[in-house]
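Colleague: These protein sequence lines are chains H and R, in that order. Note that my numbering gives residue 7 to position 7 of the first sequence, counting from 1, and the numbers run on in steps of one. Note that my numbering gives residue 524 to position 206 of the second sequence, counting from 1, and the numbers run on in steps of one.
One-sided excerpt, in silico: chain H residues whose CB lies under 7 angstroms from chain R:
id: 1; residue: L178
id: 2; residue: A179
id: 3; residue: V270
Simulated from the structure, these hints should not be mistaken for laboratory data. This structure is a prediction, so every number in the text was calculated from the model and none was measured. Ideal Cβ placement from N, Cα and C applies to all residues, glycine included.
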Amino acid sequence: MSTVLAGQETVAATGSATAVTQPGRRRRLSRKWRRALVAYAFLLLPVGFYAVFMILPWIQTIVLSFYNWDGIGTKTGAGFSNFVHVFSDPQLRVAVVHAFELMLYFCVIPIVSALFLTALITGPRRPHWTFTRAVLFLPQVLPAVAVAVIWQWMYGENGFINQALRWVGLGRVAQPWLASFTWAFPAVGLVGSWITLGLCLAFFIAGAQRIPIELYEAIATDGGGRLRQFRWVTLPHLRGEIVIAATVTAISAMSAFDIVFVMTGGGPGVASIVPGLLIYQLAFTAFNVGQASALAVVLSLLVLLVITVLRLAGRERS
Amino acid sequence: MKAKGRSAARTAAWLGAIGSSVALVAMGSVAPAWASAHARTPQSATAGTAFPTGPVTLTLATEDTSKLTPALIAGFEKLHPNVKIVQQTTSYTDYLPKINLELASSTPPDLSEVVTLETAVKDHLLLNLDPYAAQYGWTKSISPYALDEYRMGSNLVAGNGPLYAVSSGFDLTGIFYNKTLMQKLGISGPPQTLADLNADLAKAKAAGYTGLELAAEDGHGAFLVQQVADDYSSPAPVNNWIFGVKGSNINIPAVRTGANQLATWAKDGYINADASADALTQAVSEFNAGKALFINDGNWDTWEYQGGLKSAVGFAAFPAAQPGGRYTAMVGGTAGYAISAKTKYPQVAAAFLNYSVSAAVAPAVFAQGNLPNSLSGITAAPGSLNAEYIKAWGEIVKSDGLYGYFANAFPTANTAWTQQTEELIGGKTTAQAALSTVQAGWAQAHG
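Full structure from sequences and hints, please.
Modeller: In structure tokens, the structure reads:
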């Protein structure tokens, strides 16, 4: 009924003879165009934002990577020299290795932990755990800088972690964690795990809630326990969510900046240096925008490589 | 439907993923949006223009969080009721990345504190103050050492060329000590030689105290390296290196001695275990809490120490290498201010600078714990930090012991020194390797 009315309105509005002679065809075209226009109108804003704030700066970064520029004065052509410098910088190698190591903390630990928690609340009985979920998701909504400052205090010589160790009689282990060449990097990494755990859990719980309860009951009927339910029902059904979580967290790991900048500044020495920090230092301390852009381009290619590998690994076999 | 939903979610995730990676690269390209590339000719002041009588508002950008700058502004505004100076204070870490971009913008601050000159001079963002120096007689009233720091030629080497800033007074480094703790440990007075210092540090450690509180995370590891190095080196090679004079090298025996001394102090447990994660504010509060015997710092923290330890805090020049040796210190301008090349009121800004270096404000500058350009007629209460600054200053000047700061040698010097001194503290590098790395950074900046 509404379709007919819509068609009549169009005819009345246009008053077109063609529309009168070929009402069916005109109505179909009109509907098609109108739907397309509405779709484009909805797309215009996000695509516009994406183009202005993402794609254009990306292209600009690529262009700038071929110049020598201090961010203010005149640009001069640099050819590939910025890229040569980036690849010959010994700090970059350390930083890139750290970026991959951070994937263990930002990606592997939270996903495994979130899968374990998901396994506990899936199956024939499904507790809601609303409070726990909210608490675990909380780090996602807190500003990263505030989170980093709080953890910096907690890792301090007289911070909560050392106090707790002393309370339980492990005072000998207590130390200024962020000043240690051995522990500063894992300490920062674990904060990343804490931040991304809630996000992974949110993905997995959303996915797990769509799994038909009958599947669990079928395995239970066949005498299968929780482990088999997890292995044969939960895990295969969460494949897509795991890939998404891995992608999002891997990007956070590769592009980590804020918590490292605040907690250690990349130190002690270069024990926790990451590519994001090097880009910042090149652009805003050394005022070498060309080299910073070259490093940013290299890093973005690395990120694309990682997510492509993850995507291929996560592809469902037909 | 389920599969479709999942596929849509996956597509959304890929878009988000690419978006995030693009956002990351965009970091390096924010600058162009803030400042356009202009090649301008150097600006120089026209001295002698009439002082305006109508209302004038100037902005002043600084990272100085002490009470000095507000005191200078208040004094100048009282002298010129038609002038208002709005102070915009930013933390040191945030000030460096933004100040040159602000100076290049269409609304630059009329007055700005100089931390590094290279970019601002290269891009002609500051006014050449030579005409005002001649008009106001700054070259006679201010010591050449204090002015050289703010001179830079077109070759971007400091120490020569046009003058770009002046400062109301000096920073002075040395050692602050806890008198109460010293008495408790049976130490009669501040150490005169490095051997005395080592003996005092051993006593502090034996009694369970930190000998030297160190904020290595904020680059103060380089302070200790330099204090020792300066004792063993004449000022010329060190200051030439800091100014960027071609052919200079920091990897010299005196500086290697300093670097080795830092590593030895760390190995012997004489400095705080958390030095590499210790910011200056944290280190100052640990010292004020009575946990450490000494801290190597500058007079910019006078208020912190006086507020914390009150009369129990003392100051002395850094110990000499041997009995009768030279006393040395890092000395630089306290918040030196420059004038924007685009200011509408250069004559008002210059009048403010002239007020800030004049003898009239010397007592106010000294009251904030800074050494004014001229010490004549300045008196300090006996036993106060100020009295000890004057005593140390006399010893240092007599020894020809004035040095700039290692961290000012090139734009990334502070980062390079921080990393290398932390490696030295952690026993991860050698003095030779650490100084070679710093020198490589210098060579990249100065050629």
